[in-house]
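Here is what each chain is made of, one letter per residue.
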Amino acid sequence: MASPRRSTDLLPHLVLVLGVAIFAFPIYFAVIGSTWDASTIGRGQMPLFPGPLAAENYWTVWSSGEGTRIRSTPVATLMFNSLVMALVICFGKIAISLLSAYAVVFFSFPLRMVFFWMIFVTLMLPVEVRIIPTYEVIVNLGMFDSFAGLTVPLIASATATLLFRQFFLTIPDELVEASKIDGAGPLRFFWDTVLPLSRTNIAALAVILFIYGWNQYLWPLLITKSRSMETIVIGITKMIGTGEVQNDWNLIMATTIFAMLPPVLVVVFMQRWFVKGLVDTEK
Amino acid sequence: MRRRVIFDDKLLPYLLLAPQIAVTIVFFFWPAAQAIHQSTLLQDPFGMRQQFVGLENFQAVLADPNYLGAIRVTAIFSISVTVLAMAPALLFAAMADRHIRGATTYKTLLIWPYAVAPAVAAVLWLFIFHPSIGVLGRALNAAGIVWNYHLDGEQALGLVIFASAWKQVSYNFLFFLAGLQSIPKSVLEAASIDGASATRRFWTVVFPLLSPTTFFLLVVNVVYAFFDTFGTIDALTKGGPGTSTVTLIYRVYVDGNANLNLGQSAAQSVILMAIVIALTAIQFRYIERKVHY
Numbered sequence: 001m002a003s004p005r006r007s008t009d010l011l012p013h014l015v016l017v018l019g020v021a022i023f024a025f026p027i028y029f030a031v032i033g034s035t036w037d038a039s040t041i042g043r044g045q046m047p048l049f050p051g052p053l054a055a056e057n058y059w060t061v062w063s064s065g066e067g068t069r070i071r072s073t074p075v076a077t078l079m080f081n082s083l084v085m086a087l088v089i090c091f092g093k094i095a096i097s098l099l100s101a102y103a104v105v106f107f108s109f110p111l112r113m114v115f116f117w118m119i120f121v122t123l124m125l126p127v128e129v130r131i132i133p134t135y136e137v138i139v140n141l142g143m144f145d146s147f148a149g150l151t152v153p154l155i156a157s158a159t160a161t162l163l164f165r166q167f168f169l170t171i172p173d174e175l176v177e178a179s180k181i182d183g184a185g186p187l188r189f190f191w192d193t194v195l196p197l198s199r200t201n202i203a204a205l206a207v208i209l210f211i212y213g214w215n216q217y218l219w220p221l222l223i224t225k226s227r228s229m230e231t232i233v234i235g236i237t238k239m240i241g242t243g244e245v246q247n248d249w250n251l252i253m254a255t256t257i258f259a260m261l262p263p264v265l266v267v268v269f270m271q272r273w274f275v276k277g278l279v280d281t282e283k
Numbered sequence: 001m002r003r004r005v006i007f008d009d010k011l012l013p014y015l016l017l018a019p020q021i022a023v024t025i026v027f028f029f030w031p032a033a034q035a036i037h038q039s040t041l042l043q044d045p046f047g048m049r050q051q052f053v054g055l056e057n058f059q060a061v062l063a064d065p066n067y068l069g070a071i072r073v074t075a076i077f078s079i080s081v082t083v084l085a086m087a088p089a090l091l092f093a094a095m096a097d098r099h100i101r102g103a104t105t106y107k108t109l110l111i112w113p114y115a116v117a118p119a120v121a122a123v124l125w126l127f128i129f130h131p132s133i134g135v136l137g138r139a140l141n142a143a144g145i146v147w148n149y150h151l152d153g154e155q156a157l158g159l160v161i162f163a164s165a166w167k168q169v170s171y172n173f174l175f176f177l178a179g180l181q182s183i184p185k186s187v188l189e190a191a192s193i194d195g196a197s198a199t200r201r202f203w204t205v206v207f208p209l210l211s212p213t214t215f216f217l218l219v220v221n222v223v224y225a226f227f228d229t230f231g232t233i234d235a236l237t238k239g240g241p242g243t244s245t246v247t248l249i250y251r252v253y254v255d256g257n258a259n260l261n262l263g264q265s266a267a268q269s270v271i272l273m274a275i276v277i278a279l280t281a282i283q284f285r286y287i288e289r290k291v292h293y
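If you're matching them up, the sequences are chains A and B in order.
Heads up, the first sequence is in my numbering, so the first residue is 1 and it goes up one at a time.
Heads up, the second sequence is in my numbering, so the first residue is 1 and it goes up one at a time.
The set of hints was computed from the structure by calculation and includes no laboratory data.
Heads up, some of the hints might be wrong.
Said to hold, decoys possible - Subject to a maximum C-alpha distance of 25 Å in a straight line, what follows is the list of computed SDA-like cross-link-like pairs (lysine to any residue): (1) B:238 / A:29; (2) B:185 / B:94; (3) B:238 / A:70.
To be verified - The following label-pair restraints were derived from C-beta to C-beta distances: (4) A:113 / B:104: 52 to 62 Å; (5) A:261 / B:29: 30 to 40 Å; (6) B:284 / A:141: 28 to 38 Å.
Glycine included, each C-beta is placed from N, C-alpha and C at the ideal position.
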């Protein structure tokens, strides 16, 4: 390129460092907050450097969740609930989407396109627009306040089905033919050929869906009642209440760090899959 | 689009489709139909009696000044979040696209907020902007600016917008960066041989070539601001003070859950469904999609 390199090199670094700092800023103070005691923070006197109580605060929220002013569910339980919810949604979605995409692509049968459109249309019906009637269905089915209620309604996914369908259409006919000549039935072909070929897509989708499941808010808020069923995101907002000054902010911040850790680590360490998943699901 | 070679089992495809179709009917179609049905009924608060009232619920909702207020809040909120989440993302992407040292590290450090739940993002910023314990909240008050988002509706809305946009920048950054990297270098070289400065190259060559990405992100960000920010609002302000941060989604929740006004809540759901259908249609009609039917 003709433009002189050196003179313009400083600007991008400045801008990007500023961006990184804005992103990291609230995390820094959350970490600091989690290392002091509640009354120091409550007086508005939190220092800008870490305090001595990190181990104590993190251990308290992890094991008992009981502070001086709030009684929360232990983070160990909250994280377990979030983990179950995220994993069931993630693998449930992938499993049923793989099956239905396989049916739509590799078979010809009456009402094929009707089923396809039924799945497609769910794109237009997010939970948020049918809150109350969906809640009623859950109650009538006896799934209220249970893991089944938390997860099953969220595993239908048009996005994942469309993604797998796209990919299956690129599998060459010759492969299917060869497989049929070898005497393989549809299930054998699915297991031996289609599934191994889909590995990359499954990994990318799994990263995105794990984050999606872990970060759910409205649905667990509606569907859980007992404190032992709460997910960690719900647990935090219950701890905050109306945001009074006199609260165990140190414990709330420790819980917040716990809540962010799994999805952030997944994004950072599985970055390649994450980026692929994000771009794929939007196409 | 059809394959040439297919399997010819009669029953198997239905069995394969069964789980997804069952979940779809029970948890999507049935509730959606119920919402439409309930939106035409008037129910007493105890659910004992109900009568058909046609479009009366819709009339009541659309004539309600509070609902019009929620539309106004939603419009301000969506536009602000979209602009605030997209403009910095484009700037960061343009900078990260240059061949600079540490580009990969910058990328990692700029994408992680995507993984933060909207409600958790709200909690992080609440801790910063709390008027009496937050670092910046206290600083503002000390500087003589009266800052209390518990009392000031505009400040509350501003904070919710800021927290929502903060989390979404990463997403836009990734897509802008991918868009920038797909622009052929030869085009840029031609422009610079013609003597165009970096700024001029950006606005006359790069930005127009990015427009499919920009348009796609516009729709995605509006959808995000509409639907995914429920957690942000619930954690930060619970719609308050007054109704200054009540968006359309938040109102459906409050009306159906706390106020038990089922008919009007259902009517609001139906209106929202219409909005989603419109947004999805725009997304598919005008954006280059790789889905073929």
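Results of checking the hints against the structure:
no. : hint                      : verdict
1   : B:238 / A:29              : holds (23 Å)
2   : B:185 / B:94              : holds (14 Å)
3   : B:238 / A:70              : holds (20 Å)
4   : A:113 / B:104: 52 to 62 Å : violated (44 Å)
5   : A:261 / B:29: 30 to 40 Å  : holds (38 Å)
6   : B:284 / A:141: 28 to 38 Å : holds (33 Å)
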